[in-house]
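Asks: Chains as they are written, first to last, in the working numbering: chain F, 1 to 301; chain D, 1 to 296.
In case anyone wonders, no lab produced these hints; they're calculated from the structure.
In this text the structure is predicted, and so the values were computed from the model without any measurement.
Beta carbons: idealized from backbone N, C-alpha and C, even for Gly.
Do not rely on the hints blindly, as some may be mistaken.
[Unchecked claim] Calculated Cβ distances over 10 Å to all of chain F for the following chain D residues:
#1 His-33
#2 Pro-46
#3 Glu-78
#4 Gln-83
#5 Ile-94
#6 Pro-171
#7 Gly-196
#8 Lys-238
#9 Pro-246
#10 Phe-253
#11 Leu-267
[Claimed, not checked] Some chain F residues near chain D, calculated using beta-carbon distances under 8 Å:
#12 Tyr-21
#13 Met-35
#14 Lys-98
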Amino acid sequence: MAKKRTRYGIILYLLPAVILYTLFMAYPLIMSLGMSLYEWNGYGPMSFVGLENFKRLLFVEPFNARFFNALTNNFKLFAYTTLFQNVVALFLAVLLTKKLRGTDFYRTIYFMPVTLSVLIVGFIWTLILNPTWGVLNKGLELIGLVNLAKPWLGDPNLALPVIAYVNSWQFIGLPIMMFVAGIRAIPEELFEAARIDGCNEWHVFRNITLPGLMPIIGLVMILTVVGNFSSFEIIYAMAGTMAGPNYATDVLGTLFYRTAFSATSAQPSMGMGAAIAVFMFVIICFGVASWSYIDSKFNKS
Amino acid sequence: MWQVGHTLIPNLTRVRGGKIVNPKVRITNLMTHAILLAYSFVVIYPLYIMVITSFKTNLEVMTKPFGLPQSINLSGYETVLLQTNFLIYYRNSIMVTVVSLLLIIVVSTLASYALGRYEFRGNKLIYFFFLAGMMIPIRLGVLNLFQIFQSLNLFDNLLALILIYTAMGIPFSVFIITAFVKQIPKEMLEAAQIDGCNDWQILIRIYLPLLRPAIATSAIYHFIPIWNDFYFPLIFIKSDALKTVPLGTAIFFGQFQTDWPTVFAALTVAVIPAIIFYLIMSKQFIKGLTAGAVKG
Chain F
1 MAKKRTRYGI ILYLLPAVIL YTLFMAYPLI MSLGMSLYEW NGYGPMSFVG
51 LENFKRLLFV EPFNARFFNA LTNNFKLFAY TTLFQNVVAL FLAVLLTKKL
101 RGTDFYRTIY FMPVTLSVLI VGFIWTLILN PTWGVLNKGL ELIGLVNLAK
151 PWLGDPNLAL PVIAYVNSWQ FIGLPIMMFV AGIRAIPEEL FEAARIDGCN
201 EWHVFRNITL PGLMPIIGLV MILTVVGNFS SFEIIYAMAG TMAGPNYATD
251 VLGTLFYRTA FSATSAQPSM GMGAAIAVFM FVIICFGVAS WSYIDSKFNK
301 S
Chain D
1 MWQVGHTLIP NLTRVRGGKI VNPKVRITNL MTHAILLAYS FVVIYPLYIM
51 VITSFKTNLE VMTKPFGLPQ SINLSGYETV LLQTNFLIYY RNSIMVTVVS
101 LLLIIVVSTL ASYALGRYEF RGNKLIYFFF LAGMMIPIRL GVLNLFQIFQ
151 SLNLFDNLLA LILIYTAMGI PFSVFIITAF VKQIPKEMLE AAQIDGCNDW
201 QILIRIYLPL LRPAIATSAI YHFIPIWNDF YFPLIFIKSD ALKTVPLGTA
251 IFFGQFQTDW PTVFAALTVA VIPAIIFYLI MSKQFIKGLT AGAVKG
């Protein structure tokens, strides 16, 4: 009797979370991906079309041009973020783990933008980068570097790296903190031994810090993949839904939004949108899976 | 100059933590501080520009983009607070965030209690079902959520946002709270059971106080993405009276783009409360968000 009561208890405790999570996350996720096999404009009936949406996305003009452009831009965004955010974060984390006073102050400052809205950060920077009135170009003018003043978001070659920089400016606090935690976890004796052996800072970094940080570096890269391949707000704020100039900043997230929700080019097509979401899902899952694989290998050794 | 020498020389041989700091180390330390300070400047300066510009006049923005404003011009703030629904956006954001966080905490604590305390068939399966949602962005499910809210008549309704945010918060919260439940020694339970407590009383009286750190971490971890979310309001909210702060700011930004002091006033109003909240609890924020990233 008592045991039966416990069983009902367990079910009651689990039920609210299971229902909410299933109904508004697990089920919608699966059904949304499944929608890639249908044609649907957001209202009215859905019709089954098999792999038609994928075929159009990969082989039919103009859809394939847009899709491969967004995919390429997404990989570029990832490369730029790795450079502007993760490499810089690693450097700053090394400096922050030297025995200095005031590192708490720096960490508090560096982490602050992480807590802000991506959209609002994008707006602030859009105004700073404004070609005529923006503070950046005005500042370059003031110090006589007027040649360096550029239409930052209007130049198709500059817009994507500039947006990647703003995104990195905002989120660099996270990898910094993760690297700091990782460096602290490396036994102090290793550093001391290396210094006694006469290693210079670069050698210490190359032979002790870097190998010790490998699992954290892997994790940071995966988080960058997940973040970049679901990003939308920063492009929306700085380049609009059309991801201009001339689609130079279009990524899968913005292409997905335009395809599924806004009737800018043609009828909104939820099915095509779902097909794009499937690609985002596969890339993110691939990233997560490779992280789990690397992580389990590191934990064994 | 004399002062520099005066302060430097005694420091060269100062004993710190039993070690003598030699001049070479001191110079590298100074350089390190210089780099770290320079980067702090990179972080702060855009926010400084935002606040300063919001107090300028349109003319000052063009003629003196860098200096402080001649006098404090509050017309931007007047426009933001009196002529728009910013206070309503704030009310909506606060309501959605508070209700979602409460729901996340209540349902996740209940589920974690069952998963962490009891051994039963399907325990592992349910646990991994929850965990699977931790790395996958919920926005990939937006198309079907669109259908669901259409059929539930929850379009243009804050409840739609609350339901999404709650579902999104469950995986990480269950993960972190279950880990805590498992650490609580079974002896404490037995003592309570002897005293005649039932399962529910044990949860409330014994577990809940001990789970507070895990609950706080999960609340802080989810506060940021929920408070700042723009994606779901953009898709599901249409009427002005139901907009949250990010969505309201976006509309405002589009309308007033040429009136810089006003736009910067709106952006300042939108971020300053979050910054103050962060500065008060920065330790908890850094810990919570980093833990989330590492464990997620």
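Asks: If a hint holds in the structure, say so; if it doesn't, say that too.
Replies: The hints, checked one at a time:
{"no.": "1", "hint": "His-33", "verdict": "7 Å, violated"}
{"no.": "2", "hint": "Pro-46", "verdict": "6 Å, violated"}
{"no.": "3", "hint": "Glu-78", "verdict": "20 Å, holds"}
{"no.": "4", "hint": "Gln-83", "verdict": "19 Å, holds"}
{"no.": "5", "hint": "Ile-94", "verdict": "15 Å, holds"}
{"no.": "6", "hint": "Pro-171", "verdict": "7 Å, violated"}
{"no.": "7", "hint": "Gly-196", "verdict": "14 Å, holds"}
{"no.": "8", "hint": "Lys-238", "verdict": "12 Å, holds"}
{"no.": "9", "hint": "Pro-246", "verdict": "5 Å, violated"}
{"no.": "10", "hint": "Phe-253", "verdict": "5 Å, violated"}
{"no.": "11", "hint": "Leu-267", "verdict": "6 Å, violated"}
{"no.": "12", "hint": "Tyr-21", "verdict": "5 Å, holds"}
{"no.": "13", "hint": "Met-35", "verdict": "5 Å, holds"}
{"no.": "14", "hint": "Lys-98", "verdict": "6 Å, holds"}
In this structure, the earlier hints numbered 1, 2, 6, 9, 10 and 11 are contradicted, and the remaining ones agree with it.
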